[in-house]
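Quick note, the sequences are listed as chains A and B, same order. Residue numbers for the first sequence follow the working numbering, so the first one is 1 and each next one is one higher. Residue numbers for the second sequence follow the working numbering, so the first one is 1001 and each next one is one higher.
These are computed hints drawn from the structure, not numbers from a lab. Beta carbons: idealized from backbone N, C-alpha and C, even for Gly. Do not rely on the hints blindly, as some may be mistaken.
[Stated by the list, open to error] Here are the computed distance ranges between Cβ atoms for each label pair:
id	chain 1	residue 1	chain 2	residue 2	range
1	B	1016	A	52	48 to 58 Å
2	B	1015	A	42	25 to 35 Å
3	A	10	B	1010	24 to 34 Å
4	B	1017	A	20	38 to 48 Å
5	A	16	B	1079	47 to 57 Å
6	A	8	B	1017	34 to 44 Å
7	A	30	B	1107	20 to 30 Å
8	B	1017	A	16	43 to 53 Å
9	B	1060	A	80	29 to 39 Å
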Amino acid sequence: GIQVEQSPPDLILQEGANSTLRCNFSDSVNNLQWFHQNPWGQLINLFYIPSGTKQNGRLSATTVATERYSLLYISSSQTTDSGVYFCAPRRGGGADGLTFGKGTHLIIQP
Amino acid sequence: SQTIHQWPATLVQPVGSPLSLECTVEGTSNPNLYWYRQAAGRGLQLLFYSVGIGQISSEVPQNLSASRPQDRQFILSSKKLLLSDSGFYLCAWSPRNRDNYGYTFGSGTRLTVV
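Hey, can you work out the whole structure from these sequences and the hints?
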């Protein structure tokens, strides 16, 4: 299956700071999602982004499929951004599920 | 709009007892359905997926089984729980035959086996 590496594994920032989270994957993909897992465990879909760039408020994401990586940008961090961020690509061509990385644990301090 | 429901939210079960977790999807037909587990630590592991009623694919050998008795219902079961079955179980769905569409997850069931 696809190998997924996320970096950094842990990140502690002050409120207002910007951050970049990286996801490297080992195979070509036709589906990639970024999720935020909140303290209650809920997985919240941030972006569906198999290629290109998308923006949603303070968050944006870029996937360069040919180079097998994706980046998640968080600007002007807020304490509510704390949690674990997962990258999850899928090769496609069937119904098999997403493969998750180990996540980046983000803590935003006030 | 589509919604996905999981229950119960939390469960504490003794070793050796049976398990049944249920997941239902509303507002769509013929979904692909998935069960994931998140053990201690952060990673999510795909356990089972289903493309239709009675069709189950298992990703890893384990003490668990899955069934899909109805189009929008997915059940995770065990006959005898082990301590290692503790974890956070998440159900997800995606549209059938649409690779270019995201997956949506339920709110999860936190299982503790004691």
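We went through each hint and held it up to the structure:
1. 1016(B) with 52(A): 48 to 58 Å: holds (51 Å)
2. 1015(B) with 42(A): 25 to 35 Å: Given about 28 Å between the Cβ atoms, the range holds.
3. 10(A) with 1010(B): 24 to 34 Å: holds (27 Å)
4. 1017(B) with 20(A): 38 to 48 Å: At 46 Å between Cβs, range holds.
5. 16(A) with 1079(B): 47 to 57 Å: Given a distance of about 52 Å, which is inside 47 to 57 Å, the answer is holds.
6. 8(A) with 1017(B): 34 to 44 Å: Holds: the Cβ-Cβ distance is about 40 Å, inside 34 to 44 Å.
7. 30(A) with 1107(B): 20 to 30 Å: holds (28 Å)
8. 1017(B) with 16(A): 43 to 53 Å: With a Cβ separation near 49 Å, residue 1017(B) and residue 16(A) satisfy 43 to 53 Å, so the hint holds.
9. 1060(B) with 80(A): 29 to 39 Å: holds (34 Å)
Hint compliance for this structure: no hint is broken.
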